[in-house]
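Residue numbers (the working numbering), protein chains in the order written: chain A, 2 to 373; chain B, 849 to 1038; chain C, 38 to 220.
Derived from the structure by calculation, the hints contain no laboratory data. A portion of the hints provided could be inaccurate.
Claimed, not checked - Below, a sample of chain C positions facing chain B; criterion: calculated Cβ distance under 8 Å:
id, residue
1, K110
2, S133
3, N137
4, D143
5, Y145
6, I148
7, K149
8, V150
9, K153
10, Q204
11, V207
12, G209
13, T211
Unchecked claim - Capping the alpha-carbon separation at 20 Å, the derived lysine to aspartate or glutamate pairs in EDC-like fashion look like this:
id, chain 1, residue 1, chain 2, residue 2
14, C, K181, C, D143
15, C, K206, B, E1007
16, A, K198, A, D233
17, B, K978, B, E1007
18, B, K882, C, D143
19, B, K855, B, E869
20, B, K871, A, E192
21, B, K1003, C, E85
22, B, K1003, C, D152
23, B, K853, A, D233
24, A, K96, A, E213
25, B, K930, A, E346
26, B, K978, A, E87
27, C, K205, B, E983
28, A, K302, B, E916
29, B, K1002, C, E85
30, B, K1003, B, D1031
31, B, K928, A, D233
32, A, K54, B, D994
Computed from a predicted model, the values in this text were never measured in an experiment. Beta carbons: idealized from backbone N, C-alpha and C, even for Gly.
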Amino acid sequence: MEREKVTTLYLGPQHPGITGNMMVRLKLKGDTIVGARTEVGYLHRGFEKLQEKRNWLQSFTILCRFCVPEPDPVEEAYALAVELLEGREVPERAKYIRVLVLELARMASYLLWFGGQSGSAGLYTMGQWSVGDRNYILDLFEDITGGRVYHMFIWPGGVRRDLPKGFKDKAMKVMDYFEKRLEEYDTLMFENSIFQKRAQGVGIIDKEKAVEWGVVGPVLRGCGIKSDIRIDDPYEIYGELYEKGVFEVPAFEGGDVWSRALVRRFEIRQSINIIRYVLDNIPDGEFYNKIPNPHKWKIAKGDAYSRVEATRGEVGFFVASDGSQYPRRTHFRGAAYVHAITLLENVLIGANVADVSFIMNSLGTCPPEIER
Amino acid sequence: MEEIKNKIYQRLTEAFPEITEHKLDFPYNRLDVKIPKNKVPAILFYLKDEMGFKHLVHITCVDWIEEEKFELIFIVWSPKEKVKVFVRTELDRNNPVMDNIDMIWRQANTYERELREMFGIQFEGLVAPKEFILEDWDDIPPMRRDFDTEAYAKKRFFERPGREDAKDVRQTIAERTGESLPDFAKKYSR
Amino acid sequence: MVNDKNSQKIVDIIQNFARKHSLFVLAYGTGCGAIEIPPTMTSRYDAERFGIRGAATPRQADVLLITGYLTTKTLKRVIRVYEQMQDPKYVIGFGSCTINGGMYWDSYNTIKVLDKYLPVDIYINGCMPRPEAVIEGFIKLQKKIAEGRADGAKQYKENFEWYRANQKKVLGPTTPHIQEYNW
Chain A
2 MEREKVTTLY
12 LGPQHPGITG
22 NMMVRLKLKG
32 DTIVGARTEV
42 GYLHRGFEKL
52 QEKRNWLQSF
62 TILCRFCVPE
72 PDPVEEAYAL
82 AVELLEGREV
92 PERAKYIRVL
102 VLELARMASY
112 LLWFGGQSGS
122 AGLYTMGQWS
132 VGDRNYILDL
142 FEDITGGRVY
152 HMFIWPGGVR
162 RDLPKGFKDK
172 AMKVMDYFEK
182 RLEEYDTLMF
192 ENSIFQKRAQ
202 GVGIIDKEKA
212 VEWGVVGPVL
222 RGCGIKSDIR
232 IDDPYEIYGE
242 LYEKGVFEVP
252 AFEGGDVWSR
262 ALVRRFEIRQ
272 SINIIRYVLD
282 NIPDGEFYNK
292 IPNPHKWKIA
302 KGDAYSRVEA
312 TRGEVGFFVA
322 SDGSQYPRRT
332 HFRGAAYVHA
342 ITLLENVLIG
352 ANVADVSFIM
362 NSLGTCPPEI
372 ER
Chain B
849 MEEIKNKIYQ
859 RLTEAFPEIT
869 EHKLDFPYNR
879 LDVKIPKNKV
889 PAILFYLKDE
899 MGFKHLVHIT
909 CVDWIEEEKF
919 ELIFIVWSPK
929 EKVKVFVRTE
939 LDRNNPVMDN
949 IDMIWRQANT
959 YERELREMFG
969 IQFEGLVAPK
979 EFILEDWDDI
989 PPMRRDFDTE
999 AYAKKRFFER
1009 PGREDAKDVR
1019 QTIAERTGES
1029 LPDFAKKYSR
Chain C
38 MVNDKNSQKI
48 VDIIQNFARK
58 HSLFVLAYGT
68 GCGAIEIPPT
78 MTSRYDAERF
88 GIRGAATPRQ
98 ADVLLITGYL
108 TTKTLKRVIR
118 VYEQMQDPKY
128 VIGFGSCTIN
138 GGMYWDSYNT
148 IKVLDKYLPV
158 DIYINGCMPR
168 PEAVIEGFIK
178 LQKKIAEGRA
188 DGAKQYKENF
198 EWYRANQKKV
208 LGPTTPHIQE
218 YNW
């Protein structure tokens, strides 16, 4: 009579297959996972405590390091929260420039995600292509903001600088290049029969319980529910863009890794449409609603919460003020906060040990935004 | 939007007459209610099951040290009506105890673990390992207002001493190696 | 082996030439700076033409690239990883957080000066350093190896008690507990 033993495996912080520094404690019976516990905390810096000593304008400079692959939605969430709290208006040109920067950041993050997802399945060529192409978008960022990765560009009241001359032609050339490249990515990754066999039927999330478990973003759209903060709770000019038909929100049934990959692939196409529309129709005007005396800027007592759609899902920023120059409490909530701890521990049960990093990548775990 | 918010508020006050304060006049889709802490699980169950607020957005806490209280805020969202409700409650700062709401939404487990570690709030009935983010922590919970982070960092970690003079770095290095500054650096140096 | 100085010099030159042209970097991104490593390794700023590529485990790696800040929880694991790597090994400190704490200078969880806990050979400053700066840092490391001055591992072995005492001061009683270091 055979008795099966339960083995414990520590998939620790130094592992070439896991995104970021996280540890997962797995209990295995043979090759199948029967239990999982995550452990986070390797990247905790105490940002919210640091922000208590920096005034309202100084604390915007350290925010971009909250979420490493895409820093712009965090700056946008902070700017929206402070503007809601104080009641400050933003000029039209600034809104269009903000949407342009956000959509470029979305494209750059999706291209990095392609490399991670196909690399965990064994297809390393895709990572070389997409990360190499991402450099063109980082060049555009360097023209607008001055930095490749961390921008510090969107602040409460507008944006910091205007667009440079000749930017529109450069950006249109990059968009034409990407439309051709997307077909080549399809041939390599999405029509690849090995990738399809590995991705279909793996990491399934139940559609009835998805909203209750706190699932947001592309993971929820991969379960068949069409929900996006850009259309549910619109901010900036996204409401008008959706009604004019500039972009739409794709949703696929299935709930497994394959449908989530399809959702992300179709959203790159929508981002290209939005960028083309914004560059053609940007109005003239001011780009910054100037704060009278930035280092003595006081905000009245109250609190506000703002929500932004990032590539991983819903990102939120809570700001509370007590009438002085320093924020009383800021609290950031990333999309991976729910996906990577309680959802992951449930989805991994019953999966094969070779699929652990594949599923983690498709749920969008990013440890810097879990523990800030 | 105003009618929807008024209707929601009326249903809530009929079911829960213990609501002490409310605020409905935000210019966007938000409404606030304040309730004593022993009624919080009941109002959250009612909002989730009977009124369709199925998505838990956030649980957060603000430390008002001058008035000796913690203020807990639960934010819930309804995908159908597109309205946010902020449920607020107060805890005593010297003995912060709260009920566990793990059984309503399972992701509340993560939020409660973090509040327990960062503020010291005890949730009755919470089943989770003791440490979440910090390891071998031996001081007071770090997000409270009376914890001074700079003094703690100076006490525990080594520091690199700063520069002795306030001159431009390029000038100091040029003098040390015996070279002269290039012209473009002279124009912008202090 | 003939034991005179000239042939020892020739053997050193050939050894250092081979070592500097095949540096395997451990795949461990300890902080923010890990976002600029994939662009360095792919087609535009190709680092593989210098012989730099990634390695999966500490036993197969030569270079430990500490990209950014280190929290106390990660420092414990990084010390174990460093002691598992085999000679000759080098440490590169990446970003301004390894130099003096960077922008987290008053945080309660990150260490400020890396040099007291691990021997660092080369620092690359910036926040983030560009891929061109990363490649320049590696070329400086190659020059240091060719001159025979990259002896961080030897310093760690000789001053082991001093490093261990510093690590114990920060990490408390749960420091990795290898008492002697003579392997």
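The hints, checked one at a time:
1. K110: holds, 5 Å
2. S133: violated, 11 Å
3. N137: holds, 4 Å
4. D143: Hint on D143(C): holds, closest Cβ of chain B at ~4 Å, below 8 Å.
5. Y145: With a minimum Cβ separation of about 5 Å from chain B (threshold 8 Å), the hint on Y145(C) holds.
6. I148: holds, 6 Å
7. K149: holds, 5 Å
8. V150: holds, 5 Å
9. K153: Cβ of K153(C) sits 5 Å from chain B, so the hint holds.
10. Q204: At about 11 Å, which exceeds the 8 Å cut-off, the nearest Cβ of chain B leaves the hint on Q204(C) violated.
11. V207: holds, 6 Å
12. G209: Since chain B brings a Cβ to about 6 Å from G209(C), closer than 8 Å, the hint holds.
13. T211: holds, 6 Å
14. K181(C) <-> D143(C): violated, 34 Å
15. K206(C) <-> E1007(B): Holds. K206(C) to E1007(B) sits at ~13 Å (cutoff 20 Å).
16. K198(A) <-> D233(A): It is violated: about 34 Å lies between the C-alpha atoms, which goes past 20 Å.
17. K978(B) <-> E1007(B): Violated, because 31 Å separates the two Cα atoms, which is more than 20 Å.
18. K882(B) <-> D143(C): Not satisfied, since the Cα-Cα distance of roughly 36 Å exceeds 20 Å.
19. K855(B) <-> E869(B): Between K855(B) and E869(B) the Cα gap is close to 17 Å, so the pair holds against 20 Å.
20. K871(B) <-> E192(A): Violated. K871(B) to E192(A) sits at ~54 Å, over the 20 Å cutoff.
21. K1003(B) <-> E85(C): Not satisfied, since the Cα-Cα distance of roughly 43 Å exceeds 20 Å.
22. K1003(B) <-> D152(C): Holds, at about 18 Å.
23. K853(B) <-> D233(A): Given pair K853(B), D233(A) holds - Cα atoms ~17 Å apart, limit 20 Å.
24. K96(A) <-> E213(A): violated, 33 Å
25. K930(B) <-> E346(A): violated, 30 Å
26. K978(B) <-> E87(A): At roughly 39 Å apart (the allowed maximum being 20 Å), E87(A) and K978(B) break the hint.
27. K205(C) <-> E983(B): Holds, at about 15 Å.
28. K302(A) <-> E916(B): Holds: K302(A) and E916(B) sit about 17 Å apart, inside 20 Å.
29. K1002(B) <-> E85(C): The hint is violated at about 41 Å.
30. K1003(B) <-> D1031(B): violated, 44 Å
31. K928(B) <-> D233(A): At roughly 9 Å apart (the allowed maximum being 20 Å), D233(A) and K928(B) satisfy the hint.
32. K54(A) <-> D994(B): holds, 13 Å
Going through the hint list in order, the structure does not satisfy hints 2, 10, 14, 16, 17, 18, 20, 21, 24, 25, 26, 29 and 30.
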